[in-house]
Amino acid sequence: MRAVLILMMVCWAGVVAAKDLRIGYLSLSGDTRYTQDWGYARLITPPPIRTVEGAQMAIADLAFLAEAVNLKPVLDARESGPEGLAASLQAMVADGAEFIVLDLPAPLVEVVAQSAADLPVTLINATAPEDAVRSACHANMLHSGPSLRMTMDTHVQYLRAMNWLRVLVLVGEDPSDQGLADAFTLSAERMRLEIVGRRDFTLAANPQAREGNNVKLLTADLDYDVVFVADTRGEFGRYIPYATQLPRPVIGSVGLTAQAWHWAMERDGATQVSSRFDKMTNGRKMSSADWAVWVAVKSVISGYTKVPNADQAAVRDYLKSPKFRLDGSKGVTLGYRPWDGQLRMPILLATHDAVIAIAPIEGYLHPETTLDTLGTDQAEFVCD
Amino acid sequence: MNRTLLAAAICLTALPTFAKDTGLIFVSLERGNEILVLNPDMTEHKRIETSRRPRDMHFNAAHDKLYVACGDDDSIDVIDVATLEVIDSIPTGPSPEVFAFSPDETKIYVSNEEDSTMEIIDVATKTVTARVPTGAEPEGVITGLDGKTVFVTSEVADMVHVVDTATARVTKNIVVGTRPRRFIATPDGAELWVSDELSSEVHVIDLATLEVAEVLSFLPPGFRPEDVTPVGMAITQDGSKVIVTLGRANHVVFVDAKSRDVLAYTLVGSRAWDVDISRDETTAYVANGLSDDITVIDMATMKAIQSVPVGRTPHSIRVDD
Chain F
1 MRAVLILMMV CWAGVVAAKD LRIGYLSLSG DTRYTQDWGY ARLITPPPIR TVEGAQMAIA
61 DLAFLAEAVN LKPVLDARES GPEGLAASLQ AMVADGAEFI VLDLPAPLVE VVAQSAADLP
121 VTLINATAPE DAVRSACHAN MLHSGPSLRM TMDTHVQYLR AMNWLRVLVL VGEDPSDQGL
181 ADAFTLSAER MRLEIVGRRD FTLAANPQAR EGNNVKLLTA DLDYDVVFVA DTRGEFGRYI
241 PYATQLPRPV IGSVGLTAQA WHWAMERDGA TQVSSRFDKM TNGRKMSSAD WAVWVAVKSV
301 ISGYTKVPNA DQAAVRDYLK SPKFRLDGSK GVTLGYRPWD GQLRMPILLA THDAVIAIAP
361 IEGYLHPETT LDTLGTDQAE FVCD
Chain B
1 MNRTLLAAAI CLTALPTFAK DTGLIFVSLE RGNEILVLNP DMTEHKRIET SRRPRDMHFN
61 AAHDKLYVAC GDDDSIDVID VATLEVIDSI PTGPSPEVFA FSPDETKIYV SNEEDSTMEI
121 IDVATKTVTA RVPTGAEPEG VITGLDGKTV FVTSEVADMV HVVDTATARV TKNIVVGTRP
181 RRFIATPDGA ELWVSDELSS EVHVIDLATL EVAEVLSFLP PGFRPEDVTP VGMAITQDGS
241 KVIVTLGRAN HVVFVDAKSR DVLAYTLVGS RAWDVDISRD ETTAYVANGL SDDITVIDMA
301 TMKAIQSVPV GRTPHSIRVD D
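Sequences listed follow chains F and B, in order. Quick note: the first sequence uses my numbering, first residue 1, plus one each step. Quick note: the second sequence uses my numbering, first residue 1, plus one each step.
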């Protein structure tokens, strides 16, 4: 039925054949960010994240719009090991992809960006939150997922609003845990929160290391309003809530987390996005990473429909201009910041099954748009 | 014939023309799973339990029945206006949100926001006679004056689909602003107005050419464009004045429909969505989705005169006068 309809619309639109709009999608085989079964006894077993499904959904969502302007979005999805990424990217560009969405960890985003510096292509980093990827200032790169700084600012705005001002920071052994704790500390100090302590935890059960592996000891001997846990692998953090010496809320990697998307968001058409995703993936809940890929592809198709006959550089300029008003189903219009290519967006503070607050928290003001109270603002942004 | 035209006018403007003059005000409560019925003095008359998540509502031309789309039970409930009881239920596709009648009331056109279709339902047999695929998240539905055309918005595809009711096919797509929501048509059949929630605009479509004739934008003092999220609209019977709810900007705007001049911005409740006007056009009622109340506006002064708490998440308002 739909095929007939689309065919009919194409006929109606004229005799011109629809122009292919090739959109690349590049991911890493065996990306450890999504395969959590390394956890002991494989206790953490969320369904594997395949963000390519977000890209597929965006193309289905915008099929009518694309047809109306004679465009035919074609997804070129490739996956490769770390060594093959640059070659895959170049092959996609050679095949005509003008925009390529990256679902890669930060170090590999860098590798790919360098290999694409002189190619006629725009990259959209969807899932590497590190601010260094932004301040690297790749001219042909946009970022559709929130930066670490944006999610940390979200926590800090909420703590300020709740008047929970003294924070105990617990940090894991993974280097990315240190990075997360550093990012939080930076945001917290900007808003004059007090970090009353920063303590390292370890998974080792050695009694001699009990200062680092016993949650009661880790959270004893000082007073605080809230515990921030930096545990990107999730192996220790999940044992912290309800186990602290003082009865205090836990935020960060566990407890209350800052997310681009959450299935429990039920306003502003979010439910429809989540349920379309559920249906398409046989019941998988849309994650923040899925949303970031979905919104990246949605940006590309929307851009090409609004700026007909433009090349990727012109479309990229349009996406970064105030004229671009993107609907990410979060109730406000989204757009890419001209200074660092970052998508500005509201960020959710969510527990495992509820959205508790949405930043920018009411009361945070900004001369241009309150969304720019989250992340590195223009005045403070510098390229590395 | 005259009756058909009048019925068409009802579909287009959502303004009651046949009156029983009960003066009752119906408010659908999306999270309350009920319809609150208010007396003309705004005191509570009754609460009618409905299927889950009641949203858009329309009277039939005779005004003896009120139809309510219930999103979480996939049905359109039918309420007897005399007894204020649910007397029937019409099954629909997943998550019906907004609907319109054909001018002769034999058909219902309903948007099913979760499976990207507009269904055509035969009212007498309660069966689906056609499913028209639309862009994702179809919402606003309105029947053209002649009944040969139905217009439906797709919130995700940013367009208005023009549907031929005889063939149940989309004959044209009109690209409008970001996240198009609802419609009104001018009573003379010349223009169709579409609210664009996320581009803070109203697109005016020329019904003769089916092209966008004009794009209107509104900005209450002290707000930024991104705060302005237009959704619901109502037009006076003479077609001279339009009220547009501005959502997060917590205002409605009164617009001169001909000159497009802003006549007033009126402060209402939080996230103002739906609006309806009483038949004598002395009063407008605005549903505020985030403050769980409705605002009563005096049409002469264009000022809010009363706020009435109604229950969880008011979606639509219809006046039976």
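Read the hints as simulated data drawn from the structure, not as lab findings. Source: prediction; values computed, not measured. Hints are supplied without guarantee of correctness; some may be wrong.
[Claimed, not checked] With a straight-line cut-off of 27 Å between C-alpha atoms, the simulated DSSO-like cross-links for lysine-lysine are:
hint : chain 1 : residue 1 : chain 2 : residue 2
1    : B       : K126      : F       : K306
2    : B       : K126      : B       : K148
3    : F       : K19       : B       : K172
4    : B       : K65       : B       : K148
[Claimed, not checked] Okay, the calculated beta carbon distance ranges per label pair:
hint : chain 1 : residue 1 : chain 2 : residue 2 : range
5    : F       : L365      : B       : T106      : 49 to 57 Å
6    : B       : K126      : F       : G81       : 53 to 61 Å
7    : F       : D182      : B       : P94       : 45 to 53 Å
8    : F       : P367      : B       : D188      : 51 to 59 Å
9    : F       : K19       : B       : D21       : 43 to 51 Å
10   : B       : P225      : F       : R190      : 43 to 51 Å
11   : B       : G222      : F       : S115      : 44 to 52 Å
Idealized CB from N, CA, C, for every residue including glycine.
Evaluation of the provided hints:
no.: 1; hint: B:K126 x F:K306; verdict: violated (41 Å)
no.: 2; hint: B:K126 x B:K148; verdict: holds (21 Å)
no.: 3; hint: F:K19 x B:K172; verdict: holds (19 Å)
no.: 4; hint: B:K65 x B:K148; verdict: holds (24 Å)
no.: 5; hint: F:L365 x B:T106: 49 to 57 Å; verdict: holds (54 Å)
no.: 6; hint: B:K126 x F:G81: 53 to 61 Å; verdict: holds (57 Å)
no.: 7; hint: F:D182 x B:P94: 45 to 53 Å; verdict: holds (46 Å)
no.: 8; hint: F:P367 x B:D188: 51 to 59 Å; verdict: violated (45 Å)
no.: 9; hint: F:K19 x B:D21: 43 to 51 Å; verdict: violated (58 Å)
no.: 10; hint: B:P225 x F:R190: 43 to 51 Å; verdict: violated (28 Å)
no.: 11; hint: B:G222 x F:S115: 44 to 52 Å; verdict: holds (49 Å)
The structure does not agree with the numbered hints 1, 8, 9 and 10 stated previously, though it agrees with the rest.
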